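> As a plain string of letters, each chain reads:
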Amino acid sequence: AQSVTQLDSQVPVFEEAPVELRCNYSSSVSVYLFWYVQYPNQGLQLLLKYLSGSTLVKGINGFEAEFNKSQTSFHLRKPSVHISDTAEYFCAVSQSGDNDYKLSFGAGTTVTVRA
Amino acid sequence: NAGVTQTPKFRILKIGQSMTLQCTQDMNHNYMYWYRQDPGMGLKLIYYSVGAGITDKGEVPNGYNVSRSTTEDFPLRLELAAPSQTSVYFCASSYAGVKDYGYTFGSGTRLTVV
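Those sequence lines, one after another, are chains A and B.
Here my numbering is used: the first residue of the first sequence is 1, the next is one more, and so on.
Here my numbering is used: the first residue of the second sequence is 1, the next is one more, and so on.
Hint data in this document are derived by calculation from the structure and do not stem from the laboratory.
Since this is a predicted model, take the numbers as computed values, not measurements.
Honestly, I wouldn't trust all of these hints.
[Claimed, not checked] Derived coverage of chain A by chain B (criterion: at least 3 residues anywhere in the stretch with Cβ under 8 Å from a Cβ of chain B; other residues may be distant):
(1) 42–49
(2) 88–98
(3) 101–111
[Unchecked claim] The calculated BS3-like cross-link candidates involving lysine-lysine, where the alpha carbons are at most 27 Å apart (straight line), are:
(4) B:K57 - A:K49
(5) A:K69 - B:K44
(6) B:K14 - A:K49
(7) B:K44 - B:K57
(8) A:K69 - A:K49
(9) B:K99 - A:K49
(10) A:K58 - B:K9
(11) B:K9 - B:K44
(12) B:K57 - B:K99
(13) B:K57 - B:K9
(14) B:K14 - B:K57
(15) B:K44 - B:K99
(16) A:K69 - B:K14
(17) B:K14 - B:K44
(18) A:K58 - A:K69
[Said to hold, decoys possible] Non-contacting residues of chain A with respect to chain B, defined by C-beta distances greater than 10 Å in every case (computed):
(19) V4
(20) Q6
(21) P18
(22) S54
Backbone N, C-alpha and C define an ideal beta-carbon position, used for all residues, glycine too.
The task is simple: from the sequences and hints, build the whole structure.
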């Protein structure tokens, strides 16, 4: 089974400042990694995903994440945040290969962007 | 194209009552899922289905039941509501694995059991 630990439950940040959200995973098999965003009173939307290849992946809205296999991490970054980035962010993992249809989610990180 | 539709959006139940949370998708997705979201706990998988007539338990199935008689519908049944089932419930679907197709989420059902 796979599991995900998001190391920060809340991250306050000022507008135009950079932000990093930390995610570590645990798995005995190869995995796919994902970041989802949930805006207030909405469902989750995919920000980006790592499947294989380049360890730096770029997603929507200027977000990027770096996969580090030795540290089993998949941290999310944005160089300059906007008020509209205020949301909850979830790191998720699935088993790679034929059984990749189930996602396990972390507990979430709430990002609050202040002017 | 409606995507994943969940009804109702809000509901208050009394302890011991039963109800069904409805989930419908119009994308011909094979896979459907029910998650519950609790503060500080993230999303936990309740049940999932890989096709009509096939369902299986997730991490937290106790107190819930599901059925999948059609590709489009995946209702979640609470038989004897308990305060521990107060949560936000999300239905999601995918055509196949998350690698290529990802999940499409509904907007959620906020359930309070009193």
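> Hints first: check each against the structure and report whether it holds.
Do the hints match the structure? See the list:
With a cut-off of 8 Å between beta carbons, the region 42–49 of chain A has 6 residues touching chain B; three or more are needed, and the interface restraint holds. Restraint check on the region 88–98 of chain A versus chain B: 4 residues with Cβ-Cβ distances below 8 Å, three needed, restraint holds. Proximity of the region 101–111 of chain A to chain B, defined as three or more residues with a beta carbon under 8 Å from a beta carbon of that chain, is established by the 8 residues found. The suggested pairing of K57 (chain B) with K49 (chain A) holds, with an alpha-carbon distance near 26 Å, which does not exceed 27 Å.
With a CA separation close to 25 Å, the supplied pair K69 (chain A) and K44 (chain B) stays within the 27 Å bound. Annotation: proposed proximity of K14 (chain B) to K49 (chain A) is violated, straight-line Cα distance about 41 Å (limit 27 Å). For the hint linking K44 (chain B) to K57 (chain B), the alpha-carbon distance of about 11 Å falls within 27 Å, and the restraint holds. The hinted pair formed by K69 (chain A) and K49 (chain A) meets the criterion: a straight-line CA distance of about 15 Å does not exceed 27 Å.
With a CA separation close to 8 Å, the supplied pair K99 (chain B) and K49 (chain A) stays within the 27 Å bound. A C-alpha spacing of about 33 Å is found between K58 (chain A) and K9 (chain B), which places the hinted pair above 27 Å, so the restraint is violated. Distance check on the hinted pair: K9 (chain B) and K44 (chain B) sit about 19 Å apart at the alpha-carbon level, within 27 Å; holds. Under the criterion of a C-alpha separation no larger than 27 Å, the hint pairing K57 (chain B) with K99 (chain B) is consistent with the structure, at around 22 Å.
Among the hinted pairs, K57 (chain B) with K9 (chain B) is consistent with the structure: their alpha-carbon atoms are about 24 Å apart, no more than 27 Å. In summary, the hint linking K14 (chain B) to K57 (chain B) is supported, as the alpha carbons are separated by about 25 Å, within the 27 Å threshold. For the suggested pair K44 (chain B) and K99 (chain B), the alpha carbons sit about 20 Å apart, so the restraint of at most 27 Å is met. Our distance criterion of 27 Å between C-alpha atoms is broken by K69 (chain A) and K14 (chain B), whose separation comes to about 48 Å.
With a CA separation close to 23 Å, the supplied pair K14 (chain B) and K44 (chain B) stays within the 27 Å bound. A distance of roughly 17 Å separates the Cα atoms of K58 (chain A) and K69 (chain A); the hinted pair therefore holds under the 27 Å criterion. For V4 (chain A), the condition that its CB be more than 10 Å from all CB atoms of chain B is violated, with the nearest at approximately 8 Å. The beta carbon of Q6 (chain A) is not kept farther than 10 Å from every beta carbon of chain B, the shortest such distance being approximately 8 Å.
For P18 (chain A), the non-interface assignment is confirmed: its Cβ lies about 24 Å from the closest Cβ of chain B, beyond the 10 Å cut-off. Listed as a non-interface residue, S54 (chain A) keeps its Cβ farther than 10 Å from every Cβ of chain B; the least gap is roughly 16 Å.
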